[in-house]
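> Chains X, G and P are the protein sequences, given in the same order. My numbering numbers the first residue of the first sequence as 1 and each following residue consecutively. My numbering numbers the first residue of the second sequence as 1001 and each following residue consecutively. My numbering numbers the first residue of the third sequence as 2001 and each following residue consecutively.
No lab work stands behind these hints: they were computed from the structure. Positions of the beta carbon are idealized from the N, C-alpha and C atoms, including for glycine. Check each hint, because a few of them may be wrong.
As the list claims (entries may be wrong) - Just a sample of chain P residues kept apart from chain X, beta carbon distances all over 10 Å, derived:
hint, residue
1, 2012
2, 2049
3, 2057
4, 2066
5, 2089
6, 2090
7, 2094
8, 2098
9, 2108
10, 2114
As the list claims (entries may be wrong) - Listed next, the in silico DMTMM-like pairs over lysine to aspartate or glutamate satisfying Cα-Cα at most 20 Å (straight line):
hint, chain 1, residue 1, chain 2, residue 2
11, X, 79, G, 1003
12, P, 2002, G, 1003
13, X, 79, X, 69
14, G, 1112, P, 2123
15, X, 79, G, 1053
16, X, 79, P, 2117
17, G, 1112, P, 2117
18, X, 63, X, 37
19, X, 79, P, 2033
20, X, 72, P, 2094
21, X, 79, G, 1102
22, P, 2090, P, 2123
23, G, 1112, X, 23
24, G, 1112, P, 2029
25, P, 2002, X, 78
26, X, 72, P, 2123
27, G, 1112, X, 78
28, X, 72, X, 42
29, X, 72, P, 2033
30, X, 79, G, 1110
In case you want the letters, here they are:
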Amino acid sequence: MILHTINKTSALAKCRELVATGDQVVLLEDGVNLGLEPLPFDVYAIAGDAQARGLAAKLGETKLISYVDLVKMTAAADKVCAWF
Amino acid sequence: MSDILFVFSQPPHGRINAQEGFDALLMGSAFAECAVLFIGEGVLQLVNHQQPEAQGFKNYTLGFSALKDYGVSRIACSQSALNHYGLVEDDLIIPVETLDADCQRQWLSDFKKVLTF
Amino acid sequence: MKILINVYGAPYSSSACVSALNYAEAAIDSGHEILRVFFYHDGVYAANALASPPQDEMNLTLRWQKLALDHNLDMVACIASCLRRGIVDKTEAERYGKSAHNISDGFQISGLGQMIDATINADRVMTFGD
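All chains should be built: construct the whole structure from the sequences, respecting the hints.
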């Protein structure tokens, strides 16, 4: 299982086809803005980045996580792919 | 399991990052079993007959033809990216494997580590 | 878990440094080891000792310095990226005849081999791009 990180909206196009069933995807930085759009897979978002942008209550199904959660997800994954 | 997959997704010459990604691949190949996958705008690094010198850029892509000598024997690109840019094999600097999305996902899974540039 | 953290984005023109610092702190607090923090591409600007942001804004270079000091972190800035962007230590400044050096304490200038070595030996690689 791969953990993917996406840090800006334009990076979604890079990794759209590369996220496999069962992989996890975390939005961070400007990437949290993707939580406002329909997405082809479930995502998590860094809570601080969503709060910074006034979006914490606006990201629908997207689960907000802390950096400690992100560290746990890193450990649980086989590897991490960063898209930027 | 092979060691490091380098994924190149940026176009050449607009900024130095694509060249620095290639430098990292060369360094990686000295220590580990590496492969490279070009996706999205990254396939544009493979376009042949580039002439960046006139703009003052180094033509680091000439180094692609030496990748096999560096032990990078698996070189591939996204078929859908080639199609998107209307590129065919004859347009490219070196022969590359072309992969569909399933195969690209398999490549990501096959390597111990993935470095994206 | 041993983690390599790659930082590819410059302070202020990217959020890479902020995210990487937050992640590093969380990883350390969770009991993991940061094998190395490697600064590449514009990320090397984090090592610029001359950065002087306003008092009411974060000083990312100082934040990295403090984290490195508090937790004995190995922070490496890639020499090729540094030289291109004018981040030099005393040795490189002398080698290239520059009037000053500007690398911040806590950072070492070294080669890409340090990133590859850490990539191979880390359990996970966490990259904060620009």
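> Going back to the hint list, which numbers does this structure go against?
The structure conflicts with hints 15, 20, 22 and 24, although it agrees with all the remaining ones.
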